[in-house]
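Trainee: These are the residues of each chain, in order.
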Amino acid sequence: MRHDYVLKLLESDERLDGRKLDEFRDIKIEADTIERAEGSARVKIGKTDIIVGIKMELGEPFPDVPDQGMLRTGAEFSPIASPEFDPGPPGEDATELARVVDRGIRESECIDLEKLCLKPGEQVWTVFVDIHMINHDGNLIDVSALAVVAALMRTKIPELEDDKINREKLKKKLPIKHIPITVTVGKISDKFLIDPTKEEEQVLDSKLTVAVMEDGKICAMQKSGDQGLLEEETSRMIDLAIKKSKEIRKLL
Amino acid sequence: MGMKSKEKMIVKGKRLDGRNPDEIREIEMKVGVIPNANGSAQVSFGRTTAVAAVYGPRILHPRRLQEPNTAIIRCRYNMAPFSVDERIRPGPSRRETEISKVTRLALEPALFLEKYPETVVDIYIEIIQADGSTRVTGINAASLALADAGVPMRDLVVGLSGGKLDDTIIIDLCGKEDNYSVADIPIAFLPRKNEITLLQMDGQMNPDEVKTIVKNVLNAGKKVYEKQKEVLKKKYHK
Amino acid sequence: MMTEVRKIVLPGEVLGDSKEKKSGYGTFEEDGRVISKFIGIPKEARDYISVIPLSGVYIPKRQDKVIGFITDVERVGWVVDINSPWLAFLPVSEAVDEFIDLKKTDITRFYDVEDVIYAQVDNVKRADIKLTMNTPVARKLRGGITVKIAPSKVPRLIGKEGSMINTIKDKTNTIIRVGQNGVVWLSGEGVKKAIKAIRMVDEKSHIIGLTDEITKLLSD
Numbered sequence: 001m002r003h004d005y006v007l008k009l010l011e012s013d014e015r016l017d018g019r020k021l022d023e024f025r026d027i028k029i030e031a032d033t034i035e036r037a038e039g040s041a042r043v044k045i046g047k048t049d050i051i052v053g054i055k056m057e058l059g060e061p062f063p064d065v066p067d068q069g070m071l072r073t074g075a076e077f078s079p080i081a082s083p084e085f086d087p088g089p090p091g092e093d094a095t096e097l098a099r100v101v102d103r104g105i106r107e108s109e110c111i112d113l114e115k116l117c118l119k120p121g122e123q124v125w126t127v128f129v130d131i132h133m134i135n136h137d138g139n140l141i142d143v144s145a146l147a148v149v150a151a152l153m154r155t156k157i158p159e160l161e162d163d164k165i166n167r168e169k170l171k172k173k174l175p176i177k178h179i180p181i182t183v184t185v186g187k188i189s190d191k192f193l194i195d196p197t198k199e200e201e202q203v204l205d206s207k208l209t210v211a212v213m214e215d216g217k218i219c220a221m222q223k224s225g226d227q228g229l230l231e232e233e234t235s236r237m238i239d240l241a242i243k244k245s246k247e248i249r250k251l252l
Numbered sequence: 001m002g003m004k005s006k007e008k009m010i011v012k013g014k015r016l017d018g019r020n021p022d023e024i025r026e027i028e029m030k031v032g033v034i035p036n037a038n039g040s041a042q043v044s045f046g047r048t049t050a051v052a053a054v055y056g057p058r059i060l061h062p063r064r065l066q067e068p069n070t071a072i073i074r075c076r077y078n079m080a081p082f083s084v085d086e087r088i089r090p091g092p093s094r095r096e097t098e099i100s101k102v103t104r105l106a107l108e109p110a111l112f113l114e115k116y117p118e119t120v121v122d123i124y125i126e127i128i129q130a131d132g133s134t135r136v137t138g139i140n141a142a143s144l145a146l147a148d149a150g151v152p153m154r155d156l157v158v159g160l161s162g163g164k165l166d167d168t169i170i171i172d173l174c175g176k177e178d179n180y181s182v183a184d185i186p187i188a189f190l191p192r193k194n195e196i197t198l199l200q201m202d203g204q205m206n207p208d209e210v211k212t213i214v215k216n217v218l219n220a221g222k223k224v225y226e227k228q229k230e231v232l233k234k235k236y237h238k
Numbered sequence: 001m002m003t004e005v006r007k008i009v010l011p012g013e014v015l016g017d018s019k020e021k022k023s024g025y026g027t028f029e030e031d032g033r034v035i036s037k038f039i040g041i042p043k044e045a046r047d048y049i050s051v052i053p054l055s056g057v058y059i060p061k062r063q064d065k066v067i068g069f070i071t072d073v074e075r076v077g078w079v080v081d082i083n084s085p086w087l088a089f090l091p092v093s094e095a096v097d098e099f100i101d102l103k104k105t106d107i108t109r110f111y112d113v114e115d116v117i118y119a120q121v122d123n124v125k126r127a128d129i130k131l132t133m134n135t136p137v138a139r140k141l142r143g144g145i146t147v148k149i150a151p152s153k154v155p156r157l158i159g160k161e162g163s164m165i166n167t168i169k170d171k172t173n174t175i176i177r178v179g180q181n182g183v184v185w186l187s188g189e190g191v192k193k194a195i196k197a198i199r200m201v202d203e204k205s206h207i208i209g210l211t212d213e214i215t216k217l218l219s220d
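Residue numbers (this note's numbering), protein chains in the order written: chain Y, 1 to 252; chain R, 1 to 238; chain G, 1 to 220.
Among these hints, one or two may not hold up.
[To be verified] Calculated cross-link-like contacts (lysine-lysine; reagent style BS3-like; alpha-carbon spacing at most 25 Å):
hint, chain 1, residue 1, chain 2, residue 2
1, G, K216, R, K235
2, G, K204, Y, K44
3, Y, K169, R, K176
4, Y, K20, G, K193
5, Y, K47, G, K153
Since the hints were derived computationally from the structure, they do not count as laboratory data.
These numbers were taken from a predicted model, which means no experiment stands behind them.
Produce the complete structure using the sequences and hints provided.
Mentor: Laid out in structure tokens, this is it:
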């Protein structure tokens, strides 16, 4: 019944909370939330609340890219965040979210991974990005991606003393080359929706997530949802995502 | 635990962070931080931060777990990968599994569960930042979350740790102190009757000292109790 | 004589001597003292002290009017979600007046999954909750929208002899049905404004002066 009501409102371009179809909820970015992490941020968009922590560890590079540092992104749909989240290993949604956010960071070359190489072929820095849900009210990908970027921008690399990490000494900033901004556009019949709440997500036909770089180039995309998208719709959704990404970029 | 420090940890009666031996770190408490949960709270003692959520009483599946005359409690203590110096791989460790159990046993005696047959009260504790005494911080957060959720309680539950460093009894151990302390004693209790519901110890200490630490912690815990009451009332007295 | 005090008590707080006043709802007795089980508002009557909790799930009571959502159709009745830790059951015999041959009849023609009903709690036995439509106000609620508030706030939303809810209905020109279980059903033009008022009651029910704030909100 509430689904019907949500749909009815959308037919007249209205939403439950009074927003326009292409409007974001209130956005709050809190940086350096976790002092002990090498980088962190807590982002709230509406009631969705997500913390990202960055840890720097030493590791061996992949053999095919021996002079590059590593990036590993993980997401936990913690059961504190929503009644339907169960404890346990990440399911397909958590895994997809981590990989989509990772793609945006990786493909945009956000982090200068070459500068994270210590001994080619032997030792590099690994950037661990961990996304932790605190409250789920929709649009988890956009909020996660924003928190990740906000955290990376403030991440510092620990000093190495005799090959041992000294986290008490954090001097150098993580070398950032590009800032990708991720915006998801939802579609219901012929309407496009930005920043859906958890309730609105349940009535969407499909979604298109787009990661945009500062020069307007797209570096990652993901379509989700069980309905198809026509070519013209896809074009319009891409344009809308790029337009909204500029607003988000100003907040960082 | 019991690492030998080259320097003194307590100099001129002050601890590493400038505290007196019986002084608790700066406490921050907030209730209702997770709108989706029936009750929730965020608690920090210095740089140790726990977020707790209570979901329930709610329907329990599978049915074979249901108790005909009471609700059951499930408790999960989890540390976020970025909460400590060296990143923790996600997934329950044996340590987290044990802490989940003792936490549940620390909270259960405080709850009236018979009015909710066949249901479950799920208590989830996430440690988002760890600097010693995480389990008792989690218990403080869970106590607030349970009260916030409207689960009937005999009393609030207070958590606090004690130990001994450089021959001095200390309250509320931070991470470093935990490493060098002769013993680490986390305690949880129901403040009206000082009824202890969590008591653990590791280290080496003679019995009289242990009893003294317990007494000191119960005494210092009054401050934590006052803070809990203050934040619960504050939610409604804005 | 009832005295209502808008102070707040906490779980474990001592309210009085059990020799003077007995332990009522929301309290328990220990060592000769009456103690609160909840964060709530204490109420003293002549013979007992009780506490009205400010939060908590809905515990069904006989004769409560509730708004429920049909979640399953079984052979002899319907399973209903009444926003409580337990699911409720509406037997065909309590829902339909005419004679029904259960072997031949598909009862979804009366109520089907996702239908919303305004019903009454007939019987509660431990985790077994039976509903009935055998009361004049019971009916299927068509169209409209539902919102949830904390069940403990329902008396405040209704107000003394319906004063609060009637004000909201009149000023927004909506039909509103309030279930004791914290589910509220609305229909009409002014639904959005009515929902705003309802949310305000949900958040500020313990504040004295709420009626004025609601009136102000509705007049804008």
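Trainee: Against this structure, judge whether each hint is valid.
Mentor: For each hint, the structure was consulted:
A threshold of 25 Å between alpha carbons decides the hint, and for K216/G with K235/R the separation of about 24 Å falls inside it, so the pair holds. In summary, the hint linking K204/G to K44/Y is supported, as the alpha carbons are separated by about 24 Å, within the 25 Å threshold. For the proposed pair K169/Y and K176/R, the alpha carbon gap of about 16 Å is at most 25 Å, so the pair holds. Distance restraint check for K20/Y and K193/G: the Cα-Cα separation of roughly 17 Å lies within the 25 Å cut-off, and the hinted pair is therefore satisfied.
Using a Cα cut-off of 25 Å, the hinted pair K47/Y and K153/G holds, with the two alpha carbons roughly 22 Å apart.
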